[in-house]
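Q: Here is how the chains run, residue by residue.
Protein chains: 2
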Amino acid sequence: MVSNKSLAALFEPGSVAVIGASATPGKIGNIIVSNLLDAGYTGKIYPVNPDPGEILGLPVTQDVADLPEGLDLAVIAIPPAAVVEVMKDLAARKVKAVAIITAGFREVGREGYYLEEEIAKIARDNDIALLGPNCLGLIATDSDLNASFATGYPESGHIAFFSQSGALCVSILDWALGNNIGFSKFISLGNKAVLDESHMLDYLAEDGQTNVILGYIEGVSDGKRFMESASAMTMKKPVVMIKSGTTASGAKAASSHTGAIAGSDQAYDAAFRQTGVIRVHDVASLFNLATCFSTQPLPKGPNLAIITNSGGPGILAADATEKSGLNLSSLTARTSKALREFLPAYASLYNPIDIIGDASAERYARTLEVVAKDELVHAILVLLSPTASAQIKETAQAVIEIAEKLDKPVFACFMGDKVVGPGKRMLQDASIPVYSFPEPAIAGIEAMYEYHERRNRPAPAELCIRRDIEAARTVIADARERNALEIVEFQAQGLLNSYGLPVPKTELARTSQQAVEAAERIGYPVVLKIASPQISHKSDVGGVRVNLQDSSEVVAAFMDITSRAQRLRKDAFISGCLVQSMAASGSREVIVGFKRDDQFGPLIIFGLGGVYVEVLKDISARLAPLTLDDAKQMIREIKSFPVLRGVRGEQPVNFAALEEIILIMAQLALDFPEIDEAEFNPVLVNPDGAVVADVRVILAPQEKAAENGDA
Amino acid sequence: MVSNKSLAALFEPGSVAVIGASATPGKIGNIIVSNLLDAGYTGKIYPVNPDPGEILGLPVTQDVADLPEGLDLAVIAIPPAAVVEVMKDLAARKVKAVAIITAGFREVGREGYYLEEEIAKIARDNDIALLGPNCLGLIATDSDLNASFATGYPESGHIAFFSQSGALCVSILDWALGNNIGFSKFISLGNKAVLDESHMLDYLAEDGQTNVILGYIEGVSDGKRFMESASAMTMKKPVVMIKSGTTASGAKAASSHTGAIAGSDQAYDAAFRQTGVIRVHDVASLFNLATCFSTQPLPKGPNLAIITNSGGPGILAADATEKSGLNLSSLTARTSKALREFLPAYASLYNPIDIIGDASAERYARTLEVVAKDELVHAILVLLSPTASAQIKETAQAVIEIAEKLDKPVFACFMGDKVVGPGKRMLQDASIPVYSFPEPAIAGIEAMYEYHERRNRPAPAELCIRRDIEAARTVIADARERNALEIVEFQAQGLLNSYGLPVPKTELARTSQQAVEAAERIGYPVVLKIASPQISHKSDVGGVRVNLQDSSEVVAAFMDITSRAQRLRKDAFISGCLVQSMAASGSREVIVGFKRDDQFGPLIIFGLGGVYVEVLKDISARLAPLTLDDAKQMIREIKSFPVLRGVRGEQPVNFAALEEIILIMAQLALDFPEIDEAEFNPVLVNPDGAVVADVRVILAPQEKAAENGDA
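Protein sequences appear in the order of chains G and A. So the first sequence is numbered by the UniProt record's numbering: it starts at 1 and just counts up by one. So the second sequence is numbered by the UniProt record's numbering: it starts at 1 and just counts up by one.
Think of the hints as simulated: they come from the structure by calculation, not from any bench. A couple of the hints might just be wrong.
The list treats identical chains as one, so a pair stands whether inside a single copy or across any two.
Result set (EDC-like, lysine to aspartate or glutamate): computed pairs, CA atoms no more than 20 Å apart in a straight line [as the list claims (entries may be wrong)]:
(1) Lys632 x Glu450
(2) Lys236 x Asp66
(3) Lys237 x Asp265
(4) Lys538 x Glu650
(5) Lys639 x Glu614
(6) Lys617 x Glu322
(7) Lys617 x Glu650
(8) Lys405 x Glu394
(9) Lys27 x Asp144
(10) Lys632 x Glu453
(11) Lys617 x Glu637
(12) Lys5 x Glu553
(13) Lys418 x Glu155
(14) Lys44 x Glu218
(15) Lys27 x Glu54
(16) Lys418 x Asp38
(17) Lys408 x Glu520
(18) Lys323 x Asp265
(19) Lys94 x Asp127
(20) Lys393 x Asp358
(21) Lys505 x Glu520
(22) Lys393 x Glu404
(23) Lys570 x Glu486
Start from the sequences, fold in the hints, and give me the full structure.
A: Written out as structure tokens, the structure is:
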């Protein structure tokens, strides 16, 4: 654990030592001292170097042991082999935080890995907030702290940024310098030996200077902690992140459909969505959203009004709006009436509100004032094309003055660059996001609206799934005893029953005579399925026969199924056949499954059965535990949802029954870490209810089951 | 028709008259003259105004009649009511081209519409190339011509731009001025009374100064001409266009599935795709592609090599590549060997090739030289993060020197802005597209690769569809005689037969006895379908019964179907039932249909039947006439294609049979303009072949049928 006190020492140190400080310009140990001085750091700086003298005017401390006890921050830039000893010395001096710039650890192989583990242990044992190793350092503008070897120091601002890639830190810092983007904190995480993205989220949630957080990660260090930190964080401040390496995933061999479909990138998608982290896929979007969130109030609904002095650009903005999750707002009759009073006859009073090419700043101002009062409108985009009569600076000034009195977000798109430039700079300086073309403005407003929606969702109700865990445990223990890694349908009935899952009437028949008796108890028509612990892909051996109408058909099917299975699978012990009631006609097939993600635990998936899942990959996914809302969304967000809602006058299926099954699947996954994958496939659902018509459960090997339990 | 001579006069005029020239600064008639002078136009300029004297130092011509005969270009900026008379006078003086800046025509209502029609007629009758009205004018940098009232004059360049929106012209010009984008021609089309996008494409195809064409349109004036002009154009030069108003379409009521699904935006998509026009959806993409196409050679394949000095940015670029239609290129053993000789041990020799943070310009140069020689590599992206040791300008210089000797495209991404700025400017000046972040670079290379692929596709073979048009015409004439606007299945058999379409064995039975006889000829099992000219949605009245096994089932079904239809549809005349052979089990249902688009003619669609089309809107579309390639692509580009290719070891369906049916549908649409919509639904296809199992044909009302014929 890293205490808050240590983290505070990292970001707001009263004094900083630079281990490996150098008098030679260009050396990293020199750049760091010089960066500290240039940023105007007012705390005490201790350059540490075995050679006596001065470095950049500061007296050198020759030994770590000579540093004052309880020093806040030490920055280390010495060869990797020497770092362990220095860490021990720093711990002895009760240093609170350390940033290790030095590379040559985990990233270079086995030896480096062990070095890093040793360093991390020293840090953890002594409550040292350890940043890195193999990082650029950190910048905290409100402490005037540049404890990095980066070139350039950003303006102060309200955006915090952390990155797992040092190169991306350098690039983004350089880009920000050219684009006047300010930062509160700028952090290079490096190898994340101790401090990782979760610590940053925890700390920045409480940081008064930060109001939006950006992150670049290639993976999280600890899925569960990330979920907790991110969930807490996003209720306070928006978090926007890039997770790279999206495409090289999910290629692992898997034994269920769920396993084949649900990749690690889907787990990240689910983790971000469930915690409210906004995921973007490129750096431009990252900073677009940062600007939007850090400057404008959140829209309280999806309705956007567009005010424009030209048709074509208005259409472009309307197109982008229609493609987004926003609506082109309607206007109240009162608004239309008020606009009609002063707008010219050719103006369009519908949204986009076209106030025509000769619109003066005053016409923009009056229109904006009227539209902003409309309670149907949640956000406003002011579009200006540099027509001959456009009053660019005056319009910018009018927008600024009106917007600052509003609690609705106002965005501007001044189409162009050179002539509109002065107006754009005025808007930018006044914290109104301004664009050359409309599309990124719409993307920004959409993200802000979604964030607002999520933050205002009522807290989910506590769910209680009734189940008989002991009975379920027996089923799994039986499989373990047989050394089986798979529990097939006829063995899984006990598991399904112990979770109260709806199943078709089912009996195991060991002879054709038993099958007929069972069919008579169940009622015709029935289904027969091969029952063998070794046969999980039943249709591959012709092991399923449906719609059997009478005893003669049942007898024939029993003989056929069992003899064929014996012939095709000489390895298999045939227990007989399962006799099952037929699903009501008109039922839809869906799949409910889960796969245990290495990082985030059980990833629950839902989709329509058959080719929808296999060919179209039309599935939804969430990480357990699930809320009822999660289950509802999972059903509704698949593309083929209309099939469940009913097309051409069909009745909708029983959604509540499906939601229940999804929630039970999540509970099962949480209850039994020793299950690696499970799948109800198909679940048959119709307007009356749903039944789990087949099931497969894949157990983890013994040694992995223990790990799953820890995760 | 507009002759080439007149078009040439518009773009390269030897002399220009400005009708409505004014001495008052700020007036449009003054700005135009001033713009002509400022751009350094060397031809003669005639300001025309009733008041004598000078305008900006040029002697005023008081009457159009006093202009020299055969003048090249007149720019008109006088009130709309006066334009018709001036046009007549200009025609009398044999003026070759006219740009009407004046607004107040078609866009303001009926009166303006008639004025515009009159002006257009004068232009057409006298071979005057008429631009506008209601436009900004035009710029042709190689003629030093600024015949517009735009603010600012762009640099000379190789990009031509035309736009239907004047405001977008102004905005883009302003943006280009701020971003050093040069233009060959810059054209505001306005109301397109005579000259439209097709004329521009025709002219610019031959324009020596232009090597890439950009356009913004809200619609085309003439679909057929556009298809011809664009097809010819894109074989010579790349065309990139925005068509706006994408979302407000296709809402028309329609009587077939095809009609309900195929909107006008899909017709535009098809038109662009079939002609090779690259469609983008925002202005940023428009200019990104313009820069790529106008500076670098086309990649001859999809394989991209990425050279980077940092991991994180390399992953971002690899992610973007994997999501695109490009591949991360493999490298030959020779390349790997050559790289290993000089790259440091930690360098990654796999793509992205990571030459590590301390890479010098020389290391970049050697790597680029080796990789460029690899025959597996078709395009190269050089990524640079501004690490402490990055040699930014030197690396830019090295890339420039190597790239100019290559016939492979080289793109650069210098991550950042301030420090990397000088390097970026060097690359930009040397015509190497350079970016702050990798994603738009990948998008540019992808578009260039696709363009290369398309242009090098072999010319399609001529198709000949055998058919008996006279027999088909009889079927339609019969319907016309009955005043019917729909031809239902049992009446359409003659139509299907005359096109040689494969159909199930089908007979019309008027009595149950005839039905049994027919079933016996056809062979059991059979399908019975209600036959009534008034009933097109047969299932709605329970009018279809499948899998009838014997005569008693046929008799019962016949009685049931016909009596139910009589009861439910008292208006319907019941002809009896169709008796049809059953499709082989395991057949897939697909839909082939067409809908006549107002602008582009028959839009052919293809999709899997049932919910695939209705719910998932998973269809492909092309405009007739189709090539065999078009038909092949239509089948293969739907998302559910794997269902047809076969999943889990199934045989693929008979694609050739499907292609044939699609091509016949296109031919039918071309042969009979009086058909508005038609649909084969379902077509049943299996590995052996395909049959058209149901059909519906919607006729155009008589008056519209004539129009369709002209289109």
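Q: Have a look at Lys408 and Glu520 and pick one of within, between, both or neither, based on CA distance no larger than 20 Å.
A: Neither way: Lys408 and Glu520 sit 68 Å apart in one copy and 75 Å across, limit 20 Å.
Q: Within a copy, between copies, both or neither: which one fits Lys639 and Glu614 at a CA-CA cutoff of 20 Å?
A: Result: close both inside a copy and across copies, 14 Å intra and 12 Å inter.
Q: Since the copies are identical, ignore which copy is meant and state whether Lys632 and Glu450 lie within 20 Å (CA to CA) inside a copy, between copies, both or neither.
A: Close inside one copy (18 Å), not across copies (41 Å); limit 20 Å.
Q: Between Lys505 and Glu520, at a C-alpha cutoff of 20 Å, which is it: within one copy, between copies, both, or neither?
A: Close inside one copy (12 Å), not across copies (42 Å); limit 20 Å.
Q: As a check of your reading, is Lys570 near Glu486 (CA-CA no more than 20 Å) within one copy, between copies, both or neither?
A: within (19 Å within a copy, 60 Å between copies)
Q: Between copies, within a copy, both or neither: which fits Lys393 and Asp358 at Cα up to 20 Å?
A: within (15 Å within a copy, 46 Å between copies)
Q: How would you classify Lys236 and Asp66 at a CA-CA limit of 20 Å: within, between, both, or neither?
A: So Lys236 and Asp66 fail the 20 Å test inside a copy (42 Å) and across (76 Å) alike.
Q: When no copy is specified for Lys617 and Glu650, does a C-alpha distance of 20 Å or less occur within a copy, between copies, both, or neither?
A: between (25 Å within a copy, 19 Å between copies)
Q: Between Lys405 and Glu394, at a C-alpha cutoff of 20 Å, which is it: within one copy, between copies, both, or neither?
A: Result: close within a single copy only, 18 Å intra versus 51 Å inter.
Q: Please sort Lys323 with Asp265 into within, between, both or neither, judging by C-alpha distance up to 20 Å.
A: between (25 Å within a copy, 13 Å between copies)
Q: Using 20 Å as the alpha carbon limit, work out where Lys418 and Asp38 are close: within a copy, between copies, both or neither.
A: Intra 34 Å, inter 18 Å, cutoff 20 Å: inter-copy only.
Q: Give the relationship of Lys393 and Glu404 under a CA distance limit of 20 Å: within one copy only, between copies only, both, or neither.
A: The answer is within: 17 Å in one copy meets 20 Å, while 44 Å across copies does not.
In terms of the numbered hints stated before, the structure departs from hints 2, 3, 9, 12, 14, 17, listed from lowest to highest.
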